[in-house]
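A.B. asks: As a plain string of letters, each chain reads:
There are 2 protein chains.
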Amino acid sequence: MRQSNEPASPPGDGGLIRLRLDVCYDGTDFFGWAAQPGLRTVEQMLQDALSTLARAEHLRLTVAGRTDAGVHAEGQVAHLDLDAARWHELSDTALRRLNGLLPGDVRVLAITVAPPGFDARFSALWRSYRYRISDADFGVRPLRRRDTALWRRALDAPAMHAAAQRLLGLRDFAAFCKRREGATTIRTLQRLDVVRDGDAIEIHARSDAFCHSMVRSLVGALAAVGEGRRDADWLAGLLELGSRSGEVTVAPPHGLTLVAVGYPSDAELAGRAEQTRAIRVSPG
Amino acid sequence: MRQSNEPASPPGDGGLIRLRLDVCYDGTDFFGWAAQPGLRTVEQMLQDALSTLARAEHLRLTVAGRTDAGVHAEGQVAHLDLDAARWHELSDTALRRLNGLLPGDVRVLAITVAPPGFDARFSALWRSYRYRISDADFGVRPLRRRDTALWRRALDAPAMHAAAQRLLGLRDFAAFCKRREGATTIRTLQRLDVVRDGDAIEIHARSDAFCHSMVRSLVGALAAVGEGRRDADWLAGLLELGSRSGEVTVAPPHGLTLVAVGYPSDAELAGRAEQTRAIRVSPG
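Chains L and H supply the protein sequences, listed in that same order. Numbering follows the numbering used here, in which position 271 of the first sequence is assigned residue number 271; successive positions increment by one, without gaps. Numbering follows the numbering used here, in which position 150 of the second sequence is assigned residue number 434; successive positions increment by one, without gaps.
Don't read these hints as lab results, they were simulated from the structure. It is possible that some hints are incorrect.
As the list claims (entries may be wrong) - Facing chain H, from chain L, some residues (calculated, C-beta under 10 Å):
#1 Glu74
#2 Ala110
#3 Val113
Each residue gets a CB set at the ideal place from its N, CA and C atoms; glycine is no exception.
Construct the complete structure from the given sequences, taking the supplied hints into account.
C.D. replies: Take a look at the structure:
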């Protein structure tokens, strides 16, 4: 009964099939992605709904970006492994039924059978985030207040953009990271654009991966430049610190949205998963 | 102490100055614009804040578009008359202080001294509204769910747009209006565009004025065309009815946003206010 575009099950996996979920959520009323006992999290909400749908227990999700409390997602990606026979019973109606089981602040945009070797976390080539700030006199436009942070002083977006370009490339972003034991703070920042959008400013950041609080720290540092309190040399100098800087403010979570996650072509996937896993677990 | 760009006070008005307020709000938690005893309304919230700011009682606001419960605004316009001397004390800090007195779901974008003859309601040349519908399988994107209505069936946006063009011009929109005693249902519909925006559809409507529930009724009728249940001839035929049609569904309020209100140049304003008032109060 297997469809032609689905992978052959590897030997010994009990006939499991890997599903990719594309997910978006309004993070306002969530304590972030990762399940924590007694807290309302996106992961727990999805696992509960998937368990009900598939009449299966102990379903585990692997996610591309573990967003913090209050952070939103437009293009989060996760995977889970499910009994293949069960999936074939469900597949036609799964998307509508799953969304019917979920509250309005989280939606599953698509459920697809993942290509061979796909891993939502380790296959990802890049993650892109958007941060929205309003520096308008009047505050934040009401319909955007859930995903836009208020800045009390006027910001110079072109100055922020120019300074941001000095952070691009393969760097040690320790100054912008909450250090975690054994984790590297070396990342390749591919894009850091600052653009004005009417009375708000949008900061678009793309990297192979981000360490914890990195985007919000980059935004805090860029805002110091935008206010004129700091200059581009100060910003670039932070890269030399090698450890978290007390001079960098962490911008509030609700301005941040995970926009998209990039993956290689199906053919390149299997090799990529192994390669990334090897790099990421090496001592920092 | 009067500034040069402010109008001379007409004789006998006790030195009042007319202020224009540009306002936006998230209508989700409001019972609409118009003040009603015991209910949370935008008008009441603004009047209370303005009274506190100006230390004045009985301030009255006149508004361009009296939005219903749940309807939003990005570019609502209102005016009020205030003691000129009081305004000169306040003007430098008024915007920040007023917004400081208001909750986050309503913002005053600007307060300006109105040109001579300006009336937020009677001077308006046109109002424009946007209605957002998602017809996606997964429902409504969480960050847009406050201003986007869900439609359960797929909609054909080009078919809706083509049919909509037959409603343009000076017409009797009685089929789309909740009739009110002595009010005309004749309006000039200047624009009715239906465009797809990713997984949502946006309907942009512009008219000299809209009667009650008119945009939401137009959307309901267009959606019937978009589903393929009705055709463009049926839609155009509604204009011949001369009274409210039971065949037209009124789309839910939260998809609707008042986007902008257009006014004539300062020189044309005074004449326009008189002209509109004369037309609008004539028997239907």
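A.B. asks: Look at each hint and say if it fits the structure.
C.D. replies: Each hint tested on the structure:
1. Glu74: Since the shortest Cβ distance to chain H is 7 Å, the answer is holds.
2. Ala110: This hint holds: alanine 110 of chain L lies near chain H, its Cβ roughly 8 Å from the closest one there, short of 10 Å.
3. Val113: 17 Å, violated
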